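2 protein chains.
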Amino acid sequence: MNVRAELRRLIALEGSASSSGLVRVDSFLNHQVNPQVMTAIGAEFARCFRHHSPTKVLTAEASGICPALTTAIALDVPMVYAKKHKPMQIEGPTLRRQVFSPTKGMVFDIVVSENYLKPGERILIIDDFLAGGKTVGALLEISQLAGAKVVGLGFVVEKTFSGGRAQLGNYPIESLVRIASLEGGIQFAD
Amino acid sequence: MNVRAELRRLIALEGSASSSGLVRVDSFLNHQVNPQVMTAIGAEFARCFRHHSPTKVLTAEASGICPALTTAIALDVPMVYAKKHKPMQIEGPTLRRQVFSPTKGMVFDIVVSENYLKPGERILIIDDFLAGGKTVGALLEISQLAGAKVVGLGFVVEKTFSGGRAQLGNYPIESLVRIASLEGGIQFAD
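Chains as they are written, first to last, in my numbering: chain X, 1 to 190; chain A, 1 to 190.
Note that these hints are calculated values from the structure, not bench results.
Please read these numbers as outputs of a predicted model, since none were measured by experiment.
Errors might be hidden in some of the hints.
Derived EDC-like pairs: lysine to aspartate or glutamate, alpha-carbon spacing no greater than 20 Å straight-line [to be verified]:
no., chain 1, residue 1, chain 2, residue 2
1, X, K118, A, E14
2, A, K118, A, E141
3, X, K134, X, E61
4, A, K118, X, E14
5, A, K134, A, E61
6, A, K149, A, D190
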């Protein structure tokens, strides 16, 4: 499967744009999940980033979990998903950053146990969307707090009009699909 | 991999019990994720339930997503994860039930878009834990509301002392590991 072409086809066919600038892809990506597409997403991120020798994949719950897991399976490294608050199950010291989610309309903490992000680890951050870059920014700061090195950032869909990429600094970035505008329907960037 | 034996080994080695009756398995199952173990979990659920011809795997975010996804990949059917409230991304009519989560200490709605659960579908419900059975009970009710048929229930870890199984009615159930007691450490049921 050419997963980049398949994602464009699915977004054009099944995706929709809301008046508030959200892109709905819940028929195959973040509510219902297409298993073949999600496996191909993981294989593509693994192909892009394997030469950076990541030792761990990091994402945030909930919609980052699927692409992060298939990527981790393809790379055969552990995956860690940040929690969106501190559940009682996380014991001991935690790394945390506060972020505002435009899709949920609220502020929350994203939290990782210090047990699972260590100095010297090589972190590949994966998420379903890059929009304003707040969630990935928090994951970058958490990785830095842990003393780990971020070796790459992968996004299934980037909304280039939200400007997140400019906030992220000088990391290798791969977006499988780039959306440039929602004016008059979903417009791809390239 | 004999995944049932491997899960017992990992729980004995890395798991811990809290005074409130929670079992922490966040080093490999629901915070950090072991990709080989999670793949084997999916293969085992697929082996157990394939003869019931499920057309869809259903779970609830966030910690059900990983085992549900690897199961869906192994069966090559779509996976749907219920949201824990109504995010703005879900358009149109929804199926919802209120549940209390003992691990989060709060009540929330679990919500599925009517677009992704249809009459006549054959649903395999997968979750990481079976404890009191509240979450899976809500997923059963949501499936019933949709007119779908539940063909099986699969749990990575069952806490038999929480009594959830008796609440679930007459479905095929598979738990990969059963914990009978947390008195004096984690005690397996069989």
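Structure-based check of all given hints:
1. K118(X) / E14(A): holds, 18 Å
2. K118(A) / E141(A): Given that 20 Å is the threshold and the Cα spacing comes to 13 Å, the pair holds.
3. K134(X) / E61(X): holds, 14 Å
4. K118(A) / E14(X): Holds, at about 18 Å.
5. K134(A) / E61(A): holds, 14 Å
6. K149(A) / D190(A): violated, 30 Å
In the structure shown, a violation is registered for the earlier hint numbered 6 alone.
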